[in-house]
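Number of protein chains: 2
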Amino acid sequence: MKLDERGLLIVISGPSGVGKGTVRNALFQREGHQLVYSVSMTTREPREGEVNGREYYFVAKEEFEQRIREKKFLEYAEFVGNYYGTPLDKVEAKLEEGNEVVLEIDVQGAIQVRKKRKDAVFIFIAPPTMKDLLHRLQKRGTESEDVIQMRYEKACREIEMAYMYDYIVVNDTVENAADKIMAIIRAEHAKTIRTMAGYKKLLEEGKK
Amino acid sequence: MKLDERGLLIVISGPSGVGKGTVRNALFQREGHQLVYSVSMTTREPREGEVNGREYYFVAKEEFEQRIREKKFLEYAEFVGNYYGTPLDKVEAKLEEGNEVVLEIDVQGAIQVRKKRKDAVFIFIAPPTMKDLLHRLQKRGTESEDVIQMRYEKACREIEMAYMYDYIVVNDTVENAADKIMAIIRAEHAKTIRTMAGYKKLLEEGKK
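Chains as they are written, first to last, in our numbering: chain A, 6 to 213; chain W, 6 to 213.
Mixed in with the good hints, there may be bad ones.
It does not matter which identical chain is meant; a pair holds if it fits inside one copy or across any two.
Unchecked claim - Derived DSSO-like pairs: lysine-lysine, alpha-carbon spacing no greater than 27 Å straight-line:
#, residue 1, residue 2
1, Lys76, Lys120
2, Lys196, Lys76
3, Lys95, Lys120
4, Lys136, Lys205
5, Lys136, Lys196
6, Lys121, Lys144
7, Lys66, Lys99
8, Lys120, Lys205
9, Lys99, Lys196
10, Lys205, Lys123
11, Lys196, Lys123
12, Lys77, Lys120
13, Lys66, Lys95
Hints in this document: simulated from the structure, not taken from any laboratory.
Model the full structure from these sequences, guided by the hints.
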C-alpha cells in the first residue's frame, strides 16, 4: 500500500572524493525500487558513443542560456567553458510518473536545489574521517600533490555545509551507505506530510 | 558507523483494532536492532505469574499519584479504577544506553507524549480501509454489537488524529508494516538534526 504515489526527488551530495558516485551505483543495483537517474543538460560536444538523452541532453549555448533566463534549471554551473544543468521539466515528469529521481551533485548544486525544492530529500555523504577522505583523494593517483591539496581544502569547506541537509550518511562501506539511503527513501514515503492526501482518499473509499 | 549513539523513543499508536500490538511483536522478532519495550507502571494487582518490572511495575495508588504530581510520567491514564502510565526515568535510562524504546500506546497517550517529547518518533498505524478496521473489530468476537459500534466510532475519531504524527504506516500486512518501521528507525538515526553532534566529533578526530 503506497499512500504517496509521487516519486521523491533525492539529492545525493557531499565533498569531492567521498564516493558519491559509487554509492549511487550501488543504490541502482538494488531490487524493488523505481529509482531513475536525472539526465543533465550540457553545452559540451557529445563524445563518441554518447547518446542525446542518455548520457546528457546536448544543446547549444544559446538554448542553454535561454533556459537559464526562463528558470528552467533546478541547478546549473559553468565548468571549463561549458554549461551543465539539471532540467526541471524532465525531473518533474519523472516524479509525476512515480519514479524516485536521484540527483548526484556537488554541494554548490545542492544548495541551489534546496532553495527551489522544499519537497526534495537532501542526503549528505560524509567520509568516516577527514584522514580517510584525504587518502581517497590521494589514491586516485591522477593528480599532482598541489591539486590534491586544493581539492582537500575545498572538501573541508564543503563538509561544513552538512547541516543544510536532511540526512548525513557516513560512507564507511558502500553497501552500508546504500542500505541507509534505501531506508531513508522508504521512511520519507511514510511521512505524514507526504501521505496525508493519499490517506484521506483511502479513508473516504473505506467509508463507502 | 553510528553518528547518533542515543536510542530513539518510538511511539507506535493508532486506533483500537488496527493491530498495533501485532505489528510491534513482528518488529521485536527482527534481527540486528536494540529495541526494548517500555514497561508500564500500574496500580492494579499483579496477576498470577506476573513479575514486577517485567509485565508492569506494580505500585500503590499513593505512590502513583505522588509520581503524577512530580511529573514523572510520559503519559498516564485511569482505566476501570486503576492507573496505568509510562515512567519517564525508566525510559530515559534505556535511551541513554542506546536502546530504541518502543511505546505502544493509544492515541490519547500519544498526544500526551507529543507535548513532552519533541525528539520522539511518532508512528500512526492506519488500517488499509475503514471497512477493514470494522471487520477486525468484529472478528475479535468477544464483544456485543453495541460495544463494537462504540469502538468503531471511537476509532473513526482517532483516525482523524493521524496528522499529529510524523509517519503514517498502513497495516496492509504485518511484515510490510514492520519493514517500514525498521526503515523509519534507520532513517531517523541518519537525520542531520540527530547526527550533528556525533558528526562534529568525528571530523575533529579526523583532523588529529
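Tested hints:
When the C-alpha separation of Lys76 and Lys120 is checked against a cutoff of 27 Å, the pair qualifies only within one copy, where the shortest distance is 13 Å, while the shortest distance between copies is 42 Å. In this assembly of identical chains, the alpha carbons of Lys196 and Lys76 never lie at most 27 Å apart, being 29 Å within a copy and 31 Å across copies at closest. Within a single copy, Lys95 and Lys120 get their C-alpha atoms as close as 19 Å, which meets the 27 Å cut-off; across copies the closest is 42 Å, which misses it. Taking the closest pair of Cα atoms, Lys136 and Lys205 come within 27 Å of each other only across two copies (14 Å); inside a single copy the shortest separation is 50 Å, beyond that limit.
Taking the shortest Cα distances, Lys136 and Lys196 sit within 27 Å of each other only across copies (24 Å), while inside one copy they are farther apart (36 Å). In this homomeric assembly, Lys121 and Lys144 never come within 27 Å of each other (Cα to Cα): the closest approach is 36 Å inside a single copy and 50 Å across copies. Taking the shortest Cα distances, Lys66 and Lys99 sit within 27 Å of each other inside one copy (25 Å), while across copies they are farther apart (60 Å). Proximity of Lys120 to Lys205 under the C-alpha cut-off of 27 Å is restricted to the inter-copy arrangement: shortest distance 25 Å between copies versus 29 Å within a copy.
Proximity of Lys99 to Lys196 under the C-alpha cut-off of 27 Å is found in both arrangements, the shortest distances being 21 Å within a copy and 26 Å between copies. Within a single copy, Lys205 and Lys123 get their C-alpha atoms as close as 22 Å, and across copies as close as 25 Å, so both meet the 27 Å cut-off. In this homomeric assembly, Lys196 and Lys123 come within 27 Å of each other (Cα to Cα) both inside a single copy, at 14 Å, and across copies, at 16 Å. With identical chains, the CA atoms of Lys77 and Lys120 are at most 27 Å apart within one copy only, with a shortest distance of 14 Å there and 43 Å across copies.
Proximity of Lys66 and Lys95 under a CA criterion of 27 Å is satisfied intra-copy only: 19 Å inside one chain copy versus 64 Å between copies.
Hints 2 and 6, counting from the list given before, are not met by this structure.
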